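Participant: If you're matching them up, the sequences are chains A and B in order. In this text, residue positions in the first sequence follow my numbering: the first is 1, and each later residue adds one. In this text, residue positions in the second sequence follow my numbering: the first is 1, and each later residue adds one.
Bear in mind the hints are in silico, worked out from the structure with no lab data behind them. Please read all numbers here as calculations on a predicted model, not as lab measurements. Certain hints may be false.
When the alpha-carbon atoms are kept at most 16 angstroms apart in a straight line, the in silico EDC-like pairs for lysine to aspartate or glutamate are as follows [what the hints assert, rightly or not]:
no., chain 1, residue 1, chain 2, residue 2
1, A, 236, A, 252
2, B, 35, A, 128
3, B, 73, B, 203
4, A, 135, A, 121
5, B, 35, A, 74
6, A, 135, B, 203
7, A, 7, A, 103
8, A, 135, A, 103
9, A, 135, A, 146
10, A, 236, A, 253
11, A, 236, A, 74
12, B, 35, A, 121
13, B, 110, A, 98
14, B, 110, B, 18
15, A, 236, A, 72
16, A, 244, A, 8
17, A, 236, A, 69
18, B, 110, A, 187
19, A, 244, A, 187
20, B, 110, A, 115
21, A, 7, A, 64
Coverage of chain B stretches by chain A, computed from C-beta distances (three or more under 8 angstroms per stretch; other residues unrestricted) [what the hints assert, rightly or not]:
no., region
22, 36-48
23, 102-108
Computed list of chain A residues with no C-beta within reach of chain B, every gap over 12 angstroms [said to hold, decoys possible]:
no., residue
24, 2
25, 16
26, 50
27, 83
28, 107
29, 146
30, 147
31, 148
32, 149
33, 161
34, 227
35, 232
36, 256
37, 260
The beta-carbon is built from N, C-alpha and C at its ideal position, and this holds for glycine as well.
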Amino acid sequence: MLSLVGKDIHVEFPIYDTRARSLKYSLGLGQIAKGINRLANRKINVGGQIGMGETGRVVIKALDGVSFEINEGDRIGLLGHNGSGKTTLLRTLAGIYEPVSGEIRTVGRVFPLFDLQLGMDQDATGIENIWMRGKMLGLTERDIVDALDDIAQFTELGDFLEMPTRTYSMGMMLRLAFAISTAVTPEILVLDEMIGAGDAAFLARADARLKNFLSRTGILVLASHSMPMLRQWCNKGMLLEHGKLIAYGPLEEVVARYDGMAAS
Amino acid sequence: MVSVTWRQLDSAAGDLRDGILSWRLSQFLAWQDIKQRYRRSTLGPIWLTLSFGIQILTMGFLSAALFGSTISKSVPYVCAGMLFWSLITQMINDGATLYVVSSRYITQIKSPLTVFLMQVIWRNAIVAAHNATIYVLIAMAFFIVPGPSFLLWLPGLALVFLCVSWMALVAAIVSARYRDIPVMIQNILMILFWLTPLMYFPEQLHQHRFIADYNPFTHIIALVREPLLGGTPSLTDWLVVLGITVFGWAGTFVFFARFRARIVYWL
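Working from the sequences, and respecting the hints, build out all of it.
Facilitator: Written out as structure tokens, the structure is:
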């Protein structure tokens, strides 16, 4: 039984930039931070909270006491304005950021898919890139060999698979990256925005593959601004604001809350 | 004082273990690095060997001329010394840029941080193996026959790799946080190059011999160079390198455990 349980998760980014530091010393950043937070609480909906960490350092509180329980079969749509902590939460779920405090318990293997082309090399051939990207995704050599035919068929790249990918068009490159990334069967899939480019014929074919890919995964967490996308793939919603989880429940309720926020 | 919890030590041990166990991945990444560097060049990685060979011959002749030893003595000496010196310094320098270079991977994929350390070790081992062909050629040209102490060369080499690995890891962690460190390390290694007997023999320092004797790199190099030249490393060499490795790793492990989870926040 797959699950993801978070308890009072805090994630803070220390800011080491010298300007921020000298500001802190010369002006007393605490005052500024309070001012910014006051502003933020009043009207501005963008960004995490700026404050002081335990050691007196300037920090951005990206996640501020987030708790949740996600179970097998859940399809979570993650909503929130820019900088509300969506990406940070996704990366925390993936185990990339370990929370400063709080706890996250994961049953199952998390498969983060943020940059489809990560690990691909412009000067390598299509086949070489399949190997590189596949290894990067944690596939075994067997998995990759098994997936080769399927990838070749889907991408329709034919002889181009033997050519360096710098000769590819953007669409061809995307097709290849997409095909490799969706060749796996993830237990828990974490996605930041959905893949959306290429010509109409490709999108139609990608849609079928995507559907198949997403239905194979046990848990899906998808961050997106696109309501049609969220409505198509998700059954639950999570709404983040200033690093706090302010709503978690059936998708439509959370979407309504989000729309209400934008309107007010 | 650095305070560290059992839990942090445990996760660090897990990271090290997973990093070592996924040696296939790190080896693959290391080969990719080398392939990528020499893609579309006709000679490919042979360039490594060639440039090393030219460097060695120049330095060997220069050493003989400057310090008054014979070519047949200085050329193999410089070659064996520089083979390991470039291995060691490149590993430390690569360590210093490691987490910055790999930040895209680290912030997007959950993987043990030691995988990237392993990648650096593999890559430099591959480069050194290419360079070693130059040594083999030179040894044949000068009729150097390694003695029975050659049997100790492999354990010595393994120890040197272990020893330099912790230095690379410390360089990596500190450099992720403070971006001035890589340049600083480069400068320190540059100075150490002159202070380590590579171009000259320790005895040629005469009354200043202590400069070489108190330099740990003298012993690290001697441990792997002497067997290749038919000599035997001293017991001091063994003890010094063993000591640096054991105490270095103990300290590094605690340090790594304390800051492992923070590294990604610094990138």
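Participant: Indicate, hint by hint, whether the structure satisfies it.
Facilitator: Comparing the hints with the structure gives:
no. : hint               : verdict
1   : 236(A) with 252(A) : holds, 8 angstroms
2   : 35(B) with 128(A)  : holds, 11 angstroms
3   : 73(B) with 203(B)  : holds, 14 angstroms
4   : 135(A) with 121(A) : holds, 13 angstroms
5   : 35(B) with 74(A)   : violated, 43 angstroms
6   : 135(A) with 203(B) : violated, 51 angstroms
7   : 7(A) with 103(A)   : holds, 5 angstroms
8   : 135(A) with 103(A) : violated, 29 angstroms
9   : 135(A) with 146(A) : holds, 13 angstroms
10  : 236(A) with 253(A) : holds, 9 angstroms
11  : 236(A) with 74(A)  : holds, 7 angstroms
12  : 35(B) with 121(A)  : holds, 11 angstroms
13  : 110(B) with 98(A)  : holds, 11 angstroms
14  : 110(B) with 18(B)  : holds, 12 angstroms
15  : 236(A) with 72(A)  : holds, 12 angstroms
16  : 244(A) with 8(A)   : holds, 10 angstroms
17  : 236(A) with 69(A)  : holds, 12 angstroms
18  : 110(B) with 187(A) : holds, 15 angstroms
19  : 244(A) with 187(A) : violated, 26 angstroms
20  : 110(B) with 115(A) : holds, 13 angstroms
21  : 7(A) with 64(A)    : holds, 11 angstroms
22  : 36-48              : holds (count 3)
23  : 102-108            : holds (count 5)
24  : 2                  : holds, 16 angstroms
25  : 16                 : violated, 8 angstroms
26  : 50                 : holds, 16 angstroms
27  : 83                 : holds, 16 angstroms
28  : 107                : holds, 15 angstroms
29  : 146                : holds, 17 angstroms
30  : 147                : holds, 17 angstroms
31  : 148                : holds, 17 angstroms
32  : 149                : holds, 22 angstroms
33  : 161                : holds, 17 angstroms
34  : 227                : holds, 26 angstroms
35  : 232                : holds, 25 angstroms
36  : 256                : holds, 33 angstroms
37  : 260                : holds, 33 angstroms
In summary, the structure is inconsistent with hints 5, 6, 8, 19, 25 from the numbered list given earlier, while agreeing with the others.
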